[in-house]
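Engineer: Okay, here's what each chain looks like letter by letter:
2 protein chains.
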Amino acid sequence: MIAELEKLASRVKLSPVHRILLTTDGSITRILEALDGCEVRVETVLQEVVKATPEIAGVLQIDAREEVNYRVVNLSSCRRTLVRATSYAPLSRLEPRFKEAVMRADKPIGKIMAELEIESRREILGFSTLKASSQLARIFGIAQGELLLERSYVIIYRRAPLLYITEVFPHSFF
Amino acid sequence: MIAELEKLASRVKLSPVHRILLTTDGSITRILEALDGCEVRVETVLQEVVKATPEIAGVLQIDAREEVNYRVVNLSSCRRTLVRATSYAPLSRLEPRFKEAVMRADKPIGKIMAELEIESRREILGFSTLKASSQLARIFGIAQGELLLERSYVIIYRRAPLLYITEVFPHSFF
Numbered sequence: 528m529i530a531e532l533e534k535l536a537s538r539v540k541l542s543p544v545h546r547i548l549l550t551t552d553g554s555i556t557r558i559l560e561a562l563d564g565c566e567v568r569v570e571t572v573l574q575e576v577v578k579a580t581p582e583i584a585g586v587l588q589i590d591a592r593e594e595v596n597y598r599v600v601n602l603s604s605c606r607r608t609l610v611r612a613t614s615y616a617p618l619s620r621l622e623p624r625f626k627e628a629v630m631r632a633d634k635p636i637g638k639i640m641a642e643l644e645i646e647s648r649r650e651i652l653g654f655s656t657l658k659a660s661s662q663l664a665r666i667f668g669i670a671q672g673e674l675l676l677e678r679s680y681v682i683i684y685r686r687a688p689l690l691y692i693t694e695v696f697p698h699s700f701f
Numbered sequence: 528m529i530a531e532l533e534k535l536a537s538r539v540k541l542s543p544v545h546r547i548l549l550t551t552d553g554s555i556t557r558i559l560e561a562l563d564g565c566e567v568r569v570e571t572v573l574q575e576v577v578k579a580t581p582e583i584a585g586v587l588q589i590d591a592r593e594e595v596n597y598r599v600v601n602l603s604s605c606r607r608t609l610v611r612a613t614s615y616a617p618l619s620r621l622e623p624r625f626k627e628a629v630m631r632a633d634k635p636i637g638k639i640m641a642e643l644e645i646e647s648r649r650e651i652l653g654f655s656t657l658k659a660s661s662q663l664a665r666i667f668g669i670a671q672g673e674l675l676l677e678r679s680y681v682i683i684y685r686r687a688p689l690l691y692i693t694e695v696f697p698h699s700f701f
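From first to last, the protein sequence lines are chains B and A.
To convert a position in the first sequence, counted from 1, into the numbering used here, add 527.
To convert a position in the second sequence, counted from 1, into the numbering used here, add 527.
Since the hints were made in silico from the structure, they are not lab data.
Since the model is a prediction, treat every value here as computed from it, not as a measurement.
A couple of the hints might just be wrong.
Unchecked claim - Coverage of chain A stretches by chain B, computed from C-beta distances (three or more under 8 Å per stretch; other residues unrestricted):
id, region
1, 532-543
2, 559-565
3, 638-644
4, 680-689
What the hints assert, rightly or not - Cβ pair distances, simulated, as ranges:
id, chain 1, residue 1, chain 2, residue 2, range
5, B, 677, A, 573, 41 to 49 Å
6, B, 677, A, 582, 41 to 49 Å
7, B, 677, A, 605, 22 to 30 Å
8, A, 647, B, 652, 19 to 27 Å
9, A, 687, B, 655, 34 to 42 Å
As the list claims (entries may be wrong) - Facing chain A, from chain B, some residues (calculated, C-beta under 7 Å):
id, residue
10, 533
11, 546
12, 553
From the three backbone atoms N, C-alpha and C, an ideal C-beta is built for every residue, glycine too.
Take these sequences, add in the hints, and give me the full structure.
Structural biologist: Take a look at the structure:
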């Protein structure tokens with residue numbers, strides 16, 4: 528993890544907050560709230576049940592074409608949209624109370640898990656950079672092509688991946 | 528949590544990294560490694576089995592005078608000692624593999640938990656400031672009376688507190 532981070536840092540200037548956001552095994556929402564001092568709002572952009580692609584199935588350790596809940600949200604502080612998060616969760620592993628909260632509420636995953644007192648662990652899969660598409664540029668209010676940072680991780684619950692999450696945020700924001 | 532943080536911020540200037548260190552529910556070791564780009568070493572200062580005081584017992588939800596493992600460590604990066612961490616763990620709740628790792632190895636709790644793939648959650652109890660005692664000043668290489676930040680939290684495992692941890696670090700380091 529350290530080596531991978533230093534490799535990225537040799538290409539892109541990383542602030543202390545970038546370094547933390549890319550590698551933490553804690554809740555990103557909680558960090559955003561601490562930074563801006565106000566509650567993070569979730570705007571659900573998309574929420575649907577889809578068949579897992581082989582890549583998604585591989586990460587989630589399920590059969591390809593198994594049903595997963597696919598969710599795309601924007602996380603915004605009082606000032607602006609800070610993070611675009613995409614998640615995949617196998618329907619077969621979602622307990623009713625968790626399923627209901629994830630599929631219905633405009634609530635960050637980290638908060639849902641804290642409220643339900645779910646014990647879990649996070650495994651960082653990796654991080655990278657990308658250029659803002661016109662869509663992401665619009666969402667963040669930045670110019671197309673601006674540098675974004677991205678990280679992916681799984682939340683493991685009862686020894687199986689419960690969520691495969693990717694988070695993207697503008698380099699210039701942190 | 529946000530309100531409490533802003534209250535502290537009205538008294539003491541808090542950097543983005545201070546805000547994160549005080550409130551994250553992720554591993555502090557992992558954050559220190561990301562910030563400095565090198566592995567964190569643990570130096571065990573003290574390690575002994577003691578009877579829980581009423582305060583400790585209350586936090587850990589055990590009977591007063593029950594036996595707890597008391598551990599004091601310094602967390603150091605390649606450059607200097609960054610954090611002094613104190614932990615209490617009820618012996619009755621420590622599984623053999625975890626107990627062995629905590630009581631024997633000079634290893635951060637977060638890393639032990641990740642290696643053993645332990646699923647848990649962290650509840651922040653609170654944070655505050657204090658002035659460096661002569662002992663802490665010497666450990667951190669700062670002047671006596673300098674400002675320190677402190678936070679306390681519990682790691683909950685199988686619905687019961689497994690560890691009660693307090694971390695202290697110099698304000699000027701982050």
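Engineer: So, for every hint listed, does it hold in this structure?
Structural biologist: Cross-check of the supplied hints:
| no. | hint | in the structure |
| --- | --- | --- |
| 1 | 532-543 | holds (count 4) |
| 2 | 559-565 | holds (count 5) |
| 3 | 638-644 | holds (count 3) |
| 4 | 680-689 | holds (count 4) |
| 5 | B:677 x A:573: 41 to 49 Å | holds (42 Å) |
| 6 | B:677 x A:582: 41 to 49 Å | holds (44 Å) |
| 7 | B:677 x A:605: 22 to 30 Å | holds (28 Å) |
| 8 | A:647 x B:652: 19 to 27 Å | holds (20 Å) |
| 9 | A:687 x B:655: 34 to 42 Å | holds (39 Å) |
| 10 | 533 | holds (5 Å) |
| 11 | 546 | holds (4 Å) |
| 12 | 553 | holds (2 Å) |
Taken one by one, the earlier hints all hold for this structure without exception.
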